[in-house]
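Trainee: Protein sequences appear in the order of chains A and B.
Per this note's numbering, residue 1 is the first one in the first sequence, and the count goes up by one each step.
Per this note's numbering, residue 1 is the first one in the second sequence, and the count goes up by one each step.
Calculated from the structure, these hints are not laboratory results.
Some hints could be false.
[Said to hold, decoys possible] Distance condition first, Cα-Cα at most 27 angstroms in a straight line; then the derived BS3-like pairs of lysine-lysine:
id, chain 1, residue 1, chain 2, residue 2
1, A, K256, A, K166
2, B, K76, B, K35
3, A, K291, B, K49
4, A, K166, B, K76
5, A, K291, B, K15
6, A, K291, A, K264
7, B, K274, B, K286
8, B, K35, B, K15
9, B, K104, B, K76
10, B, K277, B, K263
11, B, K277, B, K301
12, B, K15, B, K277
13, A, K115, A, K291
14, B, K76, A, K291
15, A, K132, A, K166
16, B, K76, B, K49
17, B, K157, B, K233
18, A, K166, B, K35
19, B, K35, A, K291
20, B, K104, A, K291
21, A, K264, A, K89
22, B, K49, B, K274
23, A, K115, A, K102
24, A, K291, B, K30
[Claimed, not checked] Simulated coverage check for chain B against chain A, where a stretch passes if three residues somewhere in it have a Cβ under 8 angstroms from a Cβ of chain A:
id, stretch
25, 142-152
26, 190-196
27, 243-250
[What the hints assert, rightly or not] For the chain A half of the interface with chain B, some residues (derived, Cβ under 10 angstroms), not all of them:
id, residue
28, L117
29, E279
30, R285
31, F301
32, K444
33, R449
34, V458
35, Q470
36, Q471
37, D477
38, N480
39, T481
40, N484
Quick caveat, the model's predicted, so the values are computed rather than measured.
The beta carbon of each residue, even a glycine, is placed where N, CA and C say it ideally should be.
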Amino acid sequence: MNVTQIFISCDSAAVALGADVIVEKINAESKSRGIDVKVNRNSTRGMFWLEPLVEVQTSSGRVAYGPIQSADVSDLFDCGFLEGHSHIKYLGLTEQIPYLAKQQRLTFSRMGVTKPLSILDYKSHGGFLGLKKALQNGSEFILKELLDSGLRGRGGAAFPAGVKWKTVQQTEGEQKFVVCNADEGDSGTYSDRMTMEGDPYMLIEGMVIAGLAVHATRGYIYIRSEYLQAITVMQKALQLATESGFLGENILDSGKSFFIEIRKAAGSYVCGEETAMLESIEGKRGVVRAKPPLPAIRGLFGCPTVINNVITLASVPLIIANGADYYKNFGMGRSKGTLPFQLAGNVKYAGLVETAFGLSLRQLIYDFGGGSRSGRPIKAVQVGGPLGAYIPESQWDAPLEYETYAAMGAVLGHGGIVVHDDTVDMSKMARYAMEFCSIESCGKCTPCRIGSTRGVEVIDRIINNQERDQQIELLRDLCNTMVNGSLCAMGSMTPYPVLSALNHYSADFTSD
Amino acid sequence: MLNHIKHDIDHGTPKRESAEEVSLTIDGYKVHVPKGTSIMRAAMDAGIKVPKLCATDTIEPFGSCRLCLVEIDGRKGFPASCTTPVESDMVVRTQTDSLQQLRKGVMELYISDHPLDCLTCSANGNCELQDMAGVTGLRNVRYGVGAQAGAHHCDAKKDESNPYFTYDPSKCIVCNRCVRACEETQGTFALTISGRGFESRVSPGQDQPFMDSECVSCGACVEACPTATLQEKSIISLGQPEHSLITTCAYCGVGCGFKAEMKGNTVVRMVPWKEGKANEGHSCVKGRFAWGYATHQDRIKTPMIRESISDPWQQVS
């Protein structure tokens, strides 16, 4: 008799919700019942409200149950979950759960399916096909595919990845670098963490392809210091990939080499700014550099450097394997492909939603997110992390794509979506934005260094109705100084949440 | 012949050498400069002073004060003229309503965390921060100043440990000129910035007093400071000089050029001369600060000679 295969995620969010306990419980229960089961620890599907999610392999596919508490386990056995029978936590075939079925999972296609460190799993689900094709066809081919695909940086700035890579390729340099920015620090975001914990070879493959494209032989992954599991998994993945010939010297006998090292980040939000990150990797204070020179010309240790976010690099293998045309068929306008949106905050179904650009925020927060978790009306949605604008209901039908959002004075950023219900006081959220900036500012440029601290003080006066009208005018002037005067996006984008709160929710600033 | 005190022209960023010349237009004037030159320096060449605080021509541009922002045709936003190199056919504007408003906004922030004691300040009459408040037309600090505004450093304690100069963090604008001068001009790396964001302050070593740090008292930081934050003790006690004399350091054989800044016959301070061929505006602690012998009775002021070692010294006639 075949052993029944059970799948439970080892993702740190699933573990935080009790996945390890459920694994122990299922093993103990099966043992006491004399049933032979195999519990596999795979990555997460990203449906966090269903974690710990227990999946069982049946003849018609994986059947899901969740969220499973310890108390549910013996009941699951009683109901016959090993045969995929019904139970109060029964969700049907995993892939038919609407939340998942409605998505277009390209980059996250293996997520929740494969075991993170299994090279066999990775290869049997399309892994390393892009690398092989890249090795066969060389630099110009890779660059052309990437340019044609329309892939833009997924870290927030949305700069065309192909243009950046071409600049590095064409810049003379004895040594070039590929740096992966994995200092994911936006509140409510976790797509980078999921990728590193759940599908690490995808990132490694993307970085090696980048190295081939620009003739770089060394790469760094700068991983947020709080992401301990991501660091552990990536380290192990680097070792296994090297042992299997996908990384290191003479990759797949091609004569090409590429080496990757991990750098644990310095624990500062601003170190996710690309030039501060370079300083930090070089062992210095995480302070922003003035541009020019662009890092593509003079980056890490003064050498031409590709810097991309995790999701950008992770999207590369599939673009090379399936071709630019395949990828650019998703999305709209100049926003090609998919973006993994990360639903968080006061939302019923928090989780990762990878879809093509172009759906609306309303679809995202209601059709996927199921509305607010509190059941109260949704008042504001912050899109794009702590430096992103608050989007009022009047703008919820606009398509989620770069240009539309830019025209609204908003950003998609790294795809973080944080939902607030009608109990939120937007003057406090505006204050929080300034406070965040004051805590995280590197302190180099004046508008950010002094401006963010003054911003908190001015908003406090507005909240306390001290010369309110004058202080609101001063706040707007300060925002102008910060937007146009700051050295980097930290200072120049902090006014986005502040001004959007002030403009769309002015009543919150004038009530006592 | 005495020279009236005339501060050296500060081109803002270091000179660049290149066989290739770039032509551009700044405020309607055609300028030709070597490739690699900053917009700020090109503007100075054309006689146009772009407001600035963190830039000075003895150290590499840094881009932190955000006063030198300009507008460039066809470019988004307001690039810093110190860190942006010139390009062929660029059309640059250094003075517009938007720039005026931005600069005033930046100055308003600076002054909200600066003691308003200009009249009794040792840098009075020679302070770039004061100059910029004038240039930007700052008339009102709506945030309030110091404790009135909220968080501030106006009470920060002075470090007087160094015998030749003081460090007053309450006046610091965190332009990093001292830190960079210590690295680039002197190469000692004694200074850094400690803390981040609003807490950022210049720090000798890890929050040490100057005398306990790696500092060698060369004075490059003092020379680079645009405010009274790093100030010669002689200036604090005597006030600003009124004339200067070019001279050569009497210590070792290098022959560093100095500007002796004077009041009557009293030396107020010795400043390494930027035109000095041997030292190009830098010096060591001896020439810079150890000139107490200048008015000593034993000082020899004319050449002396003697026939043999047993003869007494004679003045050369």
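Trainee: Is K104/B close enough to K76/B, meaning Cα to Cα at most 27 angstroms?
Mentor: It holds: about 20 angstroms lies between the C-alpha atoms, which stays within 27 angstroms.
Trainee: Taking 8 angstroms as the C-beta cutoff, is the stated coverage of the stretch 142-152 of chain B by chain A satisfied by three or more residues?
Mentor: Held - the stretch 142-152 of chain B has 5 residues with a Cβ nearer than 8 angstroms to chain A, which meets the minimum of three.
Trainee: A closest beta-carbon separation below 10 angstroms is what the hint needs, so does V458/A meet it against chain B?
Mentor: Nearest chain B Cβ about 7 angstroms off; hint holds.
Trainee: Given the proposed pairing of K291/A with K264/A, does the C-alpha separation stay at or below 27 angstroms?
Mentor: Cα-Cα ~25 angstroms, so holds.
Trainee: Given the hinted pair K132/A and K166/A, is their alpha-carbon gap at most 27 angstroms?
Mentor: holds (21 angstroms)
Trainee: K291/A and K15/B: Cα distance at most 27 angstroms?
Mentor: holds (19 angstroms)
Trainee: Do the numbers back the hint for T481/A, that is, is its least Cβ distance to chain B under 10 angstroms?
Mentor: Where the cut-off is 10 angstroms and the nearest Cβ of chain B is about 3 angstroms from T481/A, the hint holds.
Trainee: Tell me if the straight-line CA distance from K274/B to K286/B falls inside 27 angstroms.
Mentor: holds (17 angstroms)
Trainee: Next pair to validate is K291/A with K49/B; report whether the Cα-Cα distance is within 27 angstroms.
Mentor: Cα-Cα ~22 angstroms, so holds.
Trainee: Does K301/B lie within 27 angstroms of K277/B when you go C-alpha to C-alpha?
Mentor: Given pair K277/B, K301/B holds - Cα atoms ~24 angstroms apart, limit 27 angstroms.
Trainee: Between the stretch 190-196 of chain B and chain A, see if three or more residues pass the 8 angstroms beta-carbon test, and mark the coverage as holds or violated.
Mentor: holds (count 4)
Trainee: Does K35/B pair with K291/A here, judged by a C-alpha cut-off of 27 angstroms?
Mentor: This hinted pair holds, its Cα atoms lying about 17 angstroms apart.
Of the numbered hints listed earlier, those contradicted by the structure are 13, 21, 27, 28, 29, 31.
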